[in-house]
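Student: Start from the sequences, fold in the hints, and give me the full structure.
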Amino acid sequence: MMTHPEQPRVVRKKLFSPVWLLPLIALALGAWLGIKSIRESGIDVRVHFPSATGIDVSKTLVRYKGLNVGKVVDISIDDELKGVNVDLVLDYRANNLLKENTKFWLVTPKASITGVEGLDALFSGNYIGMLPGEGDFRDHFEAEREAPTVIPSGDGLVIELNADTLGSLDVGSPIFYRQIPVGNIVSYHLDEQHRIQLKGFVQQQYAHLVKQDSRFWNVSGVRVDASLAGIKVDTESIASILAGGIAFNSPDMSKEAEDDQLFQLYDSQQEAHGGSSFLLTADNAEGIKVGTDVVFRELPVGEVEEVKLTDNGVAIHVRMDRPYSDLIGADAQFWVEGAQLSLSEVKHPERLISGNVIRFTPGAGKPQTQYPLRQTAPETNGQPLQLTLTASENPGAAVGADIRYRNVKIGEVTAVKLSDDFNTVNISVDIDTPFTALITQGSDFIVQSPLKVKASLDGVEVSGTDVDNLTKGRIDLRPGKGKVVADQAQLPIFASADAANRYYLQQKQLVWTLHSPSTAVNSGSDVYYKKMQIGKVTNVKWQASDDSFAIKLAIDPAYQSLLNDKAVFWPTEALSLAASLNGIDLSVAPLGGVIKGGITLGLLPNTAADNHLLYASKTLAEHQSVPVALKLPLNSGIKSGADIRYQGNLVGSVAQVQLSEDMKSLTASAYLYGRFANQLRSSDSHYQVEDAQLSLNGVKNAASIITGPFISVVPGKQPELSKSFTVTAAASAIDSGNPMTITLVRNELGSIKQGTGIFYRGIRIGEVTQYQLSTEGQQVVITALIAEHYQHLINASSHFYDLSGIKIDAGIFSGLQVETGSVENIITGGIGVATEFNTQTAGKVAAPFTLESKPQSAWLNWTPAL
Amino acid sequence: MSVNQTTKARGVDIGVFRCQVCGQLNDQHDEYCVRCSSAISPRNYRSLQNSWALLITAAILLVPANIYPITTLTKSGIVTHETIFSGILRLVHADLVPIAIIVFTASILVPWLKVLGLAFYLSAISFNIPISRQKLMAGFHIIEWIGRWSMLDLFVISLSVALVSMGQLLDAQPAPAATAFALVIFFTQLAAKTLDTRLLWDQLDKNDDTP
Numbered sequence: 001m002m003t004h005p006e007q008p009r010v011v012r013k014k015l016f017s018p019v020w021l022l023p024l025i026a027l028a029l030g031a032w033l034g035i036k037s038i039r040e041s042g043i044d045v046r047v048h049f050p051s052a053t054g055i056d057v058s059k060t061l062v063r064y065k066g067l068n069v070g071k072v073v074d075i076s077i078d079d080e081l082k083g084v085n086v087d088l089v090l091d092y093r094a095n096n097l098l099k100e101n102t103k104f105w106l107v108t109p110k111a112s113i114t115g116v117e118g119l120d121a122l123f124s125g126n127y128i129g130m131l132p133g134e135g136d137f138r139d140h141f142e143a144e145r146e147a148p149t150v151i152p153s154g155d156g157l158v159i160e161l162n163a164d165t166l167g168s169l170d171v172g173s174p175i176f177y178r179q180i181p182v183g184n185i186v187s188y189h190l191d192e193q194h195r196i197q198l199k200g201f202v203q204q205q206y207a208h209l210v211k212q213d214s215r216f217w218n219v220s221g222v223r224v225d226a227s228l229a230g231i232k233v234d235t236e237s238i239a240s241i242l243a244g245g246i247a248f249n250s251p252d253m254s255k256e257a258e259d260d261q262l263f264q265l266y267d268s269q270q271e272a273h274g275g276s277s278f279l280l281t282a283d284n285a286e287g288i289k290v291g292t293d294v295v296f297r298e299l300p301v302g303e304v305e306e307v308k309l310t311d312n313g314v315a316i317h318v319r320m321d322r323p324y325s326d327l328i329g330a331d332a333q334f335w336v337e338g339a340q341l342s343l344s345e346v347k348h349p350e351r352l353i354s355g356n357v358i359r360f361t362p363g364a365g366k367p368q369t370q371y372p373l374r375q376t377a378p379e380t381n382g383q384p385l386q387l388t389l390t391a392s393e394n395p396g397a398a399v400g401a402d403i404r405y406r407n408v409k410i411g412e413v414t415a416v417k418l419s420d421d422f423n424t425v426n427i428s429v430d431i432d433t434p435f436t437a438l439i440t441q442g443s444d445f446i447v448q449s450p451l452k453v454k455a456s457l458d459g460v461e462v463s464g465t466d467v468d469n470l471t472k473g474r475i476d477l478r479p480g481k482g483k484v485v486a487d488q489a490q491l492p493i494f495a496s497a498d499a500a501n502r503y504y505l506q507q508k509q510l511v512w513t514l515h516s517p518s519t520a521v522n523s524g525s526d527v528y529y530k531k532m533q534i535g536k537v538t539n540v541k542w543q544a545s546d547d548s549f550a551i552k553l554a555i556d557p558a559y560q561s562l563l564n565d566k567a568v569f570w571p572t573e574a575l576s577l578a579a580s581l582n583g584i585d586l587s588v589a590p591l592g593g594v595i596k597g598g599i600t601l602g603l604l605p606n607t608a609a610d611n612h613l614l615y616a617s618k619t620l621a622e623h624q625s626v627p628v629a630l631k632l633p634l635n636s637g638i639k640s641g642a643d644i645r646y647q648g649n650l651v652g653s654v655a656q657v658q659l660s661e662d663m664k665s666l667t668a669s670a671y672l673y674g675r676f677a678n679q680l681r682s683s684d685s686h687y688q689v690e691d692a693q694l695s696l697n698g699v700k701n702a703a704s705i706i707t708g709p710f711i712s713v714v715p716g717k718q719p720e721l722s723k724s725f726t727v728t729a730a731a732s733a734i735d736s737g738n739p740m741t742i743t744l745v746r747n748e749l750g751s752i753k754q755g756t757g758i759f760y761r762g763i764r765i766g767e768v769t770q771y772q773l774s775t776e777g778q779q780v781v782i783t784a785l786i787a788e789h790y791q792h793l794i795n796a797s798s799h800f801y802d803l804s805g806i807k808i809d810a811g812i813f814s815g816l817q818v819e820t821g822s823v824e825n826i827i828t829g830g831i832g833v834a835t836e837f838n839t840q841t842a843g844k845v846a847a848p849f850t851l852e853s854k855p856q857s858a859w860l861n862w863t864p865a866l
Numbered sequence: 001m002s003v004n005q006t007t008k009a010r011g012v013d014i015g016v017f018r019c020q021v022c023g024q025l026n027d028q029h030d031e032y033c034v035r036c037s038s039a040i041s042p043r044n045y046r047s048l049q050n051s052w053a054l055l056i057t058a059a060i061l062l063v064p065a066n067i068y069p070i071t072t073l074t075k076s077g078i079v080t081h082e083t084i085f086s087g088i089l090r091l092v093h094a095d096l097v098p099i100a101i102i103v104f105t106a107s108i109l110v111p112w113l114k115v116l117g118l119a120f121y122l123s124a125i126s127f128n129i130p131i132s133r134q135k136l137m138a139g140f141h142i143i144e145w146i147g148r149w150s151m152l153d154l155f156v157i158s159l160s161v162a163l164v165s166m167g168q169l170l171d172a173q174p175a176p177a178a179t180a181f182a183l184v185i186f187f188t189q190l191a192a193k194t195l196d197t198r199l200l201w202d203q204l205d206k207n208d209d210t211p
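As they're listed, the protein sequences go chains S and H.
1 is the number of the first residue of the first sequence in this note's numbering; add one for each residue after it.
1 is the number of the first residue of the second sequence in this note's numbering; add one for each residue after it.
Hints should not be assumed to be uniformly reliable.
[Stated by the list, open to error] These stretches of chain H come out as covered by chain S in the derived footprint (C-beta under 8 Å, 3 or more residues):
#1 51-59
#2 62-71
#3 180-192
[Said to hold, decoys possible] Now the in silico label distances, taken between C-beta atoms and shown as ranges:
#4 H:Gly-11 - S:Pro-8: 20 to 30 Å
#5 H:Leu-96 - S:Gln-261: 58 to 68 Å
#6 S:His-140 - H:Leu-159: 36 to 46 Å
#7 H:Leu-159 - S:Lys-82: 43 to 53 Å
#8 H:Leu-109 - S:Ser-41: 26 to 36 Å
#9 H:Ser-126 - S:Pro-8: 46 to 56 Å
None of these hints come from the bench; they were simulated from the model.
All C-beta atoms, glycine included, are put in the ideal place defined by N, C-alpha and C.
Tutor: Now the structure itself:
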């Protein structure tokens, strides 16, 4: 083992182990990390905010395009105590973003109709937004109060829009292209000229749609176009209804828009496409409103933008659509045109709703800024015939109304004016040249009302004329037979054919005057003969001299023969119902008379006494009645319409009953039939009230139970006539005249009641009117009346006894004795009276009588001569 | 030679080399272990140099490991970078002091102690610094025992990365310092392993202060 020799090993000593590379590598790594970290260490930036609300140290981040580029490391109050300095540390890569115009602002969550902005801020807390700007490097900034235009993430096109009003646009409102949202409004502010400048962002993929000549308009809300063609509702998205929006379109052949290009934002699509604009002047803006179309060959080529009042009329701003701007030349003529409707042709019915349009003839030459607006289309041939139509008041003619003959337009109304003396209305009319021969002496013009409604019992007839009339009205010519009139002639115009006929008729009608103490008609009421209208009441006049009315009738000439000495007049009764026990007579007047009232003319078989008197009723008229005045007892019960009879035959009637001023009687005006008038008005004629009398004995004047009391008359024989009579009370009435009041006392009332009769020898001479307890309550005091002509039967020797009931005396020996008064007494009760002898006190008994319960037999045998 | 002397004698003194790999005692003339054929040498003086190099590497890496964020935590979209120390402070603020102590020990105390301890031993060997045997042995045992715990931080990170992954809501990712830290641990372990401890014992015997 020890034998083999040592072989010296030569080991080259290494100066450094390769392991020393490791520290070098580590050093290099550390150095690299160090350099890197120094290089990548944040940039300190100080931003001055008005307040630190919503900013937290080390929590609030700085974001640029959604990327965290730094965070808040410190907040301190500034030296002036007017805000806070927020120290940020930004990523080293943000170095290039920190320029002079770089903006910082605080982003807080914001919810609006178009969406929720800063939702991330809601989640992660507020953050500081950053927008790089131009300029030199800078590390201290003043924070923006509001978020500046923040371009949504991603590339795109930024456009600027000028608008007069913001409408409902807001940041976030969409921008539409063919109703596809392609971008958003990102900001708006007022510029130096106080116009609104909006900034919009169009996404990259749609940016090419925006051209240099693109036109933008506001599509906020809902646009409704209603016309005969239908209703068109235009909206963009629901969001745009609520939050507003902008739409645009672009011509195909145009260069793409540049970034930050300025566009005008129009209020509507129409406006957006507008080309040239000019002014139209007119006296008035009738039929013209904002939005009225300007049409050429029935194609809308522009519209009225604004109508303004000027010193001497109106100025109408018209904007022509861009492609048609060149149509208007120096000698262009503009006029207003509405719907043209006739039976044969309906032109432009939509204008009835959409309104008039402005038409024009394009002219040649350099366009002008101002043109006159005519009310009518320019004439192409000849000078029209000018007429003046006169009427007392405007029958409904309007400027522009057609003049027609056989429904062919022959002219037009050009002006409606009051005459110089203001008494008539002058309507200036132009008649087109070919038709001037139609206008002759005696021609007249009728205004055609657009709608005629004719209502009768047959039904309602509604007839409309041309729809044309609805808007402009129409006047028809009725040619006369005279010579052709000259220019500037005057002709009459009427509101309707009826009015014209009436006018002509009135020239020929007969006038008849009636007088009447009262009036049931007014002017315009019809006059009938056998229910046929023959004329009208033209005038009703009160005459102070005799407190009566003068009624003027105009009777059609055809009925002239009726107005003879047999004619009588009475007011048409709308509905007369003559009811009696004999039956009911119902008569209805013509419907017109029912509503308007009227006068009926009747013919008598013989000469009428007065054919200018308006009788109160048909009956009176037919009987040629003569008025009389009657004085009636207060309680007679006579009412107006009550009959006056002679032996049950009708000879007149009461027209009106009134309470006299002294309240002690009634006065009545009555009519007596003409035939009997003279006899009945004889000064000694006797008038008496007749009423129904009901008793068990029978019924007298039964009819008057229903019809009420009437007046009976007994003609006198005196030749002299009287105009007023006093009517005596009904013969039966106890309280008529001057009855005597007597008082009866009794211990108890028994069957006595009001109306219980007082009988003398079985004859009713009076009745109980009331009863009451005596003041001490010991007796019943009965008050009774004794008729005037029986008063002499009562005197101090009179004895009163109860007649009521049945007395039955039954005895074993006397047998049965039944004693009753009359049957009436058994039922109604009664008081008997017996008087022993004549005294001087008849009719003047003051002391109360005692009412005995039964008569002494002696009383019944008294037979005094009274 | 007494028994006592014998027991105190080193292999090199009696011509026996212990194989560093399998523990076989070999004759001092052998170049390779008779059992495992590993190269044997009486003393590996080069290991000292290697150990130094590794230690210095670890020491260098210790700086970025502590300065740079070790985790990137995304919470509700907010990204925060945590260094080792800020993480510990955060734990303290969250009233998790016991955990903070553990993490502090594992992530800061242990690596630093290990680096410093190793540097101390290597200095003692290289520059013949007289240190009492007791202190050396105590330090040696501490370093030996403590080293294995220094991977705690990396465990936490790797677990976090695996478990906490909810995208923008909550997410944890290792940051550059994690690599550096891992390397620190790796190189300190390697440095400790590389060192031929017999050099230390030689040094011990020289300064033997035990009776």
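Student: Indicate, hint by hint, whether the structure satisfies it.
Tutor: For each hint, the structure was consulted:
1. Counting residues of the region 51-59 of chain H whose C-beta sits closer than 8 Å to any C-beta of chain S gives 5, which meets the bar of three, so the coverage hint holds.
2. With 4 residues having a beta carbon nearer than 8 Å to a beta carbon of chain S, the region 62-71 of chain H meets the requirement of three or more and the stated coverage holds.
3. Here's how the region 180-192 of chain H fares: 3 of its residues keep a CB closer than 8 Å to some CB of chain S, so the rule of at least three is met and the hint holds.
4. Between H:Gly-11 and S:Pro-8 the beta carbons are some 23 Å apart, a value that agrees with the proposed interval 20 to 30 Å.
5. The beta-carbon spacing between H:Leu-96 and S:Gln-261, approximately 60 Å, falls within the hinted interval of 58 to 68 Å.
6. Distance hint for S:His-140 and H:Leu-159: a CB-CB separation of about 44 Å, consistent with the stated range 36 to 46 Å.
7. Against the hinted window of 43 to 53 Å, the Cβ-Cβ separation of H:Leu-159 and S:Lys-82 comes to about 51 Å, which satisfies the hint.
8. At roughly 28 Å, the beta carbons of H:Leu-109 and S:Ser-41 sit within the given window of 26 to 36 Å.
9. The hint said 46 to 56 Å for the Cβ distance between H:Ser-126 and S:Pro-8, and at roughly 28 Å that hint is violated.
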